[in-house]
Amino acid sequence: MKLANLSVAALCLAGLSTCSLGADTLADAFKEGKISGELKAFYWDRDRNPSINSASIFNTGVVLGYTTGSYNGFSLGLTGQANSAPFASSNAKTQFGWDEYGSGAQLSEAYLAYSAGKTTVQVGRMFLNTPLIASISNRMVKEAFEGASIVNTDLPNTTLTAAYVQKFQAQTDGAGNIGKFTTYNNPYGVSPLLEDGAYTLVAVNKSITGLTLTAAYAEDLETNGAMAYAEAAYSIAVNAFTYGLSAQYYYSDKEVTGSKDADLYGLKASLGYGALSGYVAYTTVSKDATVTPGIGWGADLAYTGTIILSSSYPANTDAYAIGLGYAFTPTTTLGASYTITDDDDLAYGKASYVSLTGNYAFDGALKGLSFLVMYDKEYRDLAGAQDKDEFRFSASYKF
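Numbered per the numbering used here, the sequence shown spans residues 10 to 408.
These are calculated hints, taken from the structure and not from any lab test.
Don't be surprised by glycine CBs; every beta carbon is placed ideally from N, CA and C.
Take these hints with a grain of salt, some might be off.
Unchecked claim - Label pairs and their in silico Cβ distance ranges: (1) L230 - D270: 18 to 24 Å; (2) L230 - Y335: 42 to 48 Å; (3) A256 - V363: 22 to 28 Å; (4) D309 - G267: 18 to 24 Å; (5) D309 - K40: 37 to 43 Å; (6) D37 - A256: 48 to 54 Å; (7) P196 - A242: 25 to 31 Å.
Said to hold, decoys possible - Pairs of lysine-lysine, DSS-like flavour, derived with a Cα cap of 25 Å: (8) K176 - K40; (9) K269 - K359; (10) K189 - K49; (11) K376 - K359; (12) K407 - K43; (13) K215 - K127; (14) K127 - K43; (15) K359 - K386; (16) K49 - K102; (17) K215 - K296; (18) K49 - K407; (19) K49 - K376; (20) K189 - K102; (21) K263 - K296; (22) K386 - K102; (23) K40 - K407; (24) K176 - K215; (25) K263 - K43; (26) K407 - K376.
Work out the full structure, taking the sequences as your base and the hints as a guide.
So, in structure tokens, the structure goes:
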């Protein structure tokens, strides 16, 4: 009922603007629809749990999407995902049970959209990408949400977003099946769990050349647990040089963490020349509780997080990162980074990480096909602690 009421209100608000009629008939809207898709093949090798032998897994998957043309401002969007791991060993089923081992198919997007002027409303199942509520996309199965969103760009150089979510589709259900739409299992803190839904408000402003200002707020409606995010990011290019400086802030209140309020502060500086780029970054978390960066695994923006293994959010954690990248072509890149995290032995202790990435996208007759390689290695200082590492190879063809 809440989603229905919010949907009606959002559609009424959007209707205050003039809409583009698009197709002449409903049949024409379906005829003018566009089909898109992606074929995926992933191979991952993981050694990160001392109680489980290292394991590897091979997944194949497909994504099919269809979006109708516009009829009186309305359109329909559908996206289905399927995943299979037929050769998974018993160890692999345990190691990858929460992210890759989940066979089956799911209708992840099924939304009605309405566009009028510079306002777009979506209601139903959808992928979301906001600072505090976001779907992670670099997995075999992309996370999705059930709810409603409204985006407006009437203000100059400003994008305003409001969204409400009441269910969450994870990558898997933890029992060998693809994720289902249900309440949210928060990996960081006590709340939010989406028992009564959550909402977020976001503002992004680019009025000053090179400067992007972002502010976001989210609240779990059952506990009134609040989360906030803010960022100021400045970048400029002078001839072959590029420069960047940014600062970020996270806040989680005690209803979210389950104990006390928590904060994260971050700074990042970047420099590039031609195809070569580099950065240094630092984040620090208050000592009393772990920061919750949001709802969904895609809500993960800390500057010092590594590509796979590290977390910058635990209480009392200071993290430092340095990275280098080289673009042989716009579609062929290599990257390497070194990261240190230290919570002063509050829980995890000190750890260091070496991260490597490589990306290649084909052109010409094979346009749409791309390869991605990632490797992350963790070294812990704690006596007796086991080092961790993970390798990922992903092949994707989009059409």
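Of the hints stated earlier, which fail here?
Structure breaks hints 8, 11, 17, 24 and 25.
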